[in-house]
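S.K.: Residues per chain are reported as follows:
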Amino acid sequence: MMTISILGTGWITSKGYGTINLGEEHLFAPEETLYTVAKNGIFNRRPVKNFGRLDRLSRITLAAVSLALKDAGIDSSPDSKKDIGIVGTNDQGSQETDTAYFRDFVDNGRKLARANLFIYTLPSSPMGEAAIHFGLAGPLLYMAGAGRSLATVMVTAAEMIAGAESTLMLAGMTCGDEGIYTLLGESKAGGKCTLDNVLKSAGVDADVEKFVTTIRSLKRGQQA
Amino acid sequence: MAGRGVPLSELTPVIVQADMLTPFGAGADLCFESILAKQSAVATVKRFNTAEFTSRIAATIRDLQYHGETSLVMQMLERLFALSGPGIPADAALLLATTKGEIDLLEKSLLGKGGDSAESRLDRLLAKVADLTGARGPSAVVSAACTSSSAAVGRAAAMIRSGKTECVLVAACDSVTEFIYSGFSSLMALDAVPARPFDAARKGLSLGEAAAFSLLMSEERANREGRNILCEIAGWGMGDDANHMTGPSRASEGLISAIQGALSSAAVAPGDIDFISAHGTGTSYNDEMEMRAFRALFSATTPPVYSVKGAVGHTMGAAGLLETIIAMKSLKASTVPPTVNLQCPDNGARGWVSSEPALLKRAKRALVVNSGFSGVNTALVLNLPLVKP
Numbered sequence: 120m121m122t123i124s125i126l127g128t129g130w131i132t133s134k135g136y137g138t139i140n141l142g143e144e145h146l147f148a149p150e151e152t153l154y155t156v157a158k159n160g161i162f163n164r165r166p167v168k169n170f171g172r173l174d175r176l177s178r179i180t181l182a183a184v185s186l187a188l189k190d191a192g193i194d195s196s197p198d199s200k201k202d203i204g205i206v207g208t209n210d211q212g213s214q215e216t217d218t219a220y221f222r223d224f225v226d227n228g229r230k231l232a233r234a235n236l237f238i239y240t241l242p243s244s245p246m247g248e249a250a251i252h253f254g255l256a257g258p259l260l261y262m263a264g265a266g267r268s269l270a271t272v273m274v275t276a277a278e279m280i281a282g283a284e285s286t287l288m289l290a291g292m293t294c295g296d297e298g299i300y301t302l303l304g305e306s307k308a309g310g311k312c313t314l315d316n317v318l319k320s321a322g323v324d325a326d327v328e329k330f331v332t333t334i335r336s337l338k339r340g341q342q343a
Numbered sequence: 098m099a100g101r102g103v104p105l106s107e108l109t110p111v112i113v114q115a116d117m118l119t120p121f122g123a124g125a126d127l128c129f130e131s132i133l134a135k136q137s138a139v140a141t142v143k144r145f146n147t148a149e150f151t152s153r154i155a156a157t158i159r160d161l162q163y164h165g166e167t168s169l170v171m172q173m174l175e176r177l178f179a180l181s182g183p184g185i186p187a188d189a190a191l192l193l194a195t196t197k198g199e200i201d202l203l204e205k206s207l208l209g210k211g212g213d214s215a216e217s218r219l220d221r222l223l224a225k226v227a228d229l230t231g232a233r234g235p236s237a238v239v240s241a242a243c244t245s246s247s248a249a250v251g252r253a254a255a256m257i258r259s260g261k262t263e264c265v266l267v268a269a270c271d272s273v274t275e276f277i278y279s280g281f282s283s284l285m286a287l288d289a290v291p292a293r294p295f296d297a298a299r300k301g302l303s304l305g306e307a308a309a310f311s312l313l314m315s316e317e318r319a320n321r322e323g324r325n326i327l328c329e330i331a332g333w334g335m336g337d338d339a340n341h342m343t344g345p346s347r348a349s350e351g352l353i354s355a356i357q358g359a360l361s362s363a364a365v366a367p368g369d370i371d372f373i374s375a376h377g378t379g380t381s382y383n384d385e386m387e388m389r390a391f392r393a394l395f396s397a398t399t400p401p402v403y404s405v406k407g408a409v410g411h412t413m414g415a416a417g418l419l420e421t422i423i424a425m426k427s428l429k430a431s432t433v434p435p436t437v438n439l440q441c442p443d444n445g446a447r448g449w450v451s452s453e454p455a456l457l458k459r460a461k462r463a464l465v466v467n468s469g470f471s472g473v474n475t476a477l478v479l480n481l482p483l484v485k486p
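Just so you know, the protein sequences line up as chains A and B, in that order. Every position in the first sequence, counted from 1, becomes a number in our numbering once 119 is added. Every position in the second sequence, counted from 1, becomes a number in our numbering once 97 is added.
This is chain A alone, in the form it adopts within the complex (with noise of 0.2 Å):
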């Protein structure tokens, strides 16, 4: 049976980032967003070409694969395509960037629509962009349930990795100003930050900040 291991991951709130093996944790300073941090350092010196035209959605999964890719030790160049596939889930599908774009619509007499408006109104699109920005080439999927679904991606992306669809698989979610994404691969090792340990540990309705700390917990656990 094969054992599938949290490999690296990046954390993205109101408060600040961070990543897990790497132990950072960057908080927010007064002045500080998560457009003025895109330029210098959370895209490891590689920022996003238009990453202020993004929606709101889109720059918060970016920021947060990058900080899981980089825990992985992942180079994350979109010029090094990878057997890389993404999940992933939020907690509204995309209903902000829909509104924004009928809106915009209606307000310009429902006869000029914007096209650079329309391209994020699907719910896969900030996991596209960030399989744009990062050169993911495996699957691509926006999954969600009933509730929060962040294990039920993260389940499909061991699913899909067991099932030699792709060799690593980011999982992850975004919810209001938040955002977590998990780097899953196959573990010979073993060790205690398994999925198993993670889903167990924070239970399938948690949020991004029960998650880190779970995470947290199993790895310090496997040091000890």
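It should be emphasised that the hints constitute simulated quantities derived from the structure, not laboratory data. Positions of the beta carbon are idealized from the N, C-alpha and C atoms, including for glycine. Among the hints, a few may not be true.
Now the in silico label distances, taken between C-beta atoms and shown as ranges [said to hold, decoys possible]:
{"hint": "1", "chain 1": "A", "residue 1": "Asp315", "chain 2": "B", "residue 2": "Asn320", "range": "31 to 39 Å"}
{"hint": "2", "chain 1": "A", "residue 1": "Glu151", "chain 2": "B", "residue 2": "Glu166", "range": "44 to 52 Å"}
{"hint": "3", "chain 1": "B", "residue 1": "Gly448", "chain 2": "A", "residue 2": "Leu231", "range": "50 to 58 Å"}
{"hint": "4", "chain 1": "A", "residue 1": "Asp315", "chain 2": "B", "residue 2": "Arg321", "range": "25 to 33 Å"}
{"hint": "5", "chain 1": "B", "residue 1": "Asn320", "chain 2": "A", "residue 2": "Asp223", "range": "51 to 59 Å"}
{"hint": "6", "chain 1": "B", "residue 1": "Gly323", "chain 2": "A", "residue 2": "Gly340", "range": "45 to 53 Å"}
We have chain A; now place chain B onto it with these hints.
M.R.: Showing chain B alone in chain A's frame:
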């Protein structure tokens, strides 16, 4: 990504029931026959004003009430499942594939016609579909742009093959609304005349709408319950171009990877494929990208390639499942459907596509591919079930 293979297990995912509601009307047989008769359901849109858009046509389903009590897709799904009657097992898991679901509810609310825009959320639609179908197993929305429903079929097959579940209902739907039409128009993706996939003169796609479902089971359970096995989902694969949000890759590597994954998952070689159901939108870039991938992998055997989108339009999130069901029917009839509206094949497609249906000696295996925004690509390998002595 090439060469990866899904370990074969004892559990074979099969489709035991499937149907669809399309602009041709109710039923997969009607749609299949209409395509074989080279008909197109693409016509002038009367649902909303198209005067400001780059096209005025789409394939829409008759007698649906726009901005009425219920959404277009719920009206479609209600009709579809009324057709199919009972038969969805209560323990079936449910995967709902869609791109925009009940987006007309958001339109209605923002246009001041009533209702709450939050009702357009996909999780709300998921609950309605679970109630409508009686599928009480675990449920999830699967959305991957215009590959949504083929991705969902792949997930359902994976869930069955791994032994996680033995029965999954895949439901798929998308509708033609002003929201969606204006968006595709803004992308300059619509042809002013009905879409002409793989034609040298193609200028874009025609939107369409549909609802479809397929019930997947393990072969063992299907046999236990005495179900008629329609086809086996033998393999599946997904790959992303990681290139551009709306434009496909110039190297076709995402689709090539998806096809290689599906062939490997099905443990078959390119030469084992009898025909290919292409995504074939009718946009210049998509069709060119697909043919490049087919030439890279299938040049030795040049299996016939077709697209149904000149007939039923691009049904977005429902396209993959609709095309899987048509491919299933084509396998059974050993007939490759024509590419409707094809007049003069593009150079790269000449010798692969035809405007006429073609009878095959004995078709056993089909490949269904889809592609979508964000560079997503899916491939499914369908096997006709062996006739058991």
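S.K.: Next, verify each hint and record whether it holds.
M.R.: Hint by hint, here is what the structure shows:
no., hint, result
1, A:Asp315 / B:Asn320: 31 to 39 Å, "holds (33 Å)"
2, A:Glu151 / B:Glu166: 44 to 52 Å, "holds (48 Å)"
3, B:Gly448 / A:Leu231: 50 to 58 Å, "violated (43 Å)"
4, A:Asp315 / B:Arg321: 25 to 33 Å, "holds (31 Å)"
5, B:Asn320 / A:Asp223: 51 to 59 Å, "holds (54 Å)"
6, B:Gly323 / A:Gly340: 45 to 53 Å, "holds (52 Å)"
Comparing the model with each earlier hint shows a violation of hint 3 alone; every other hint is respected.
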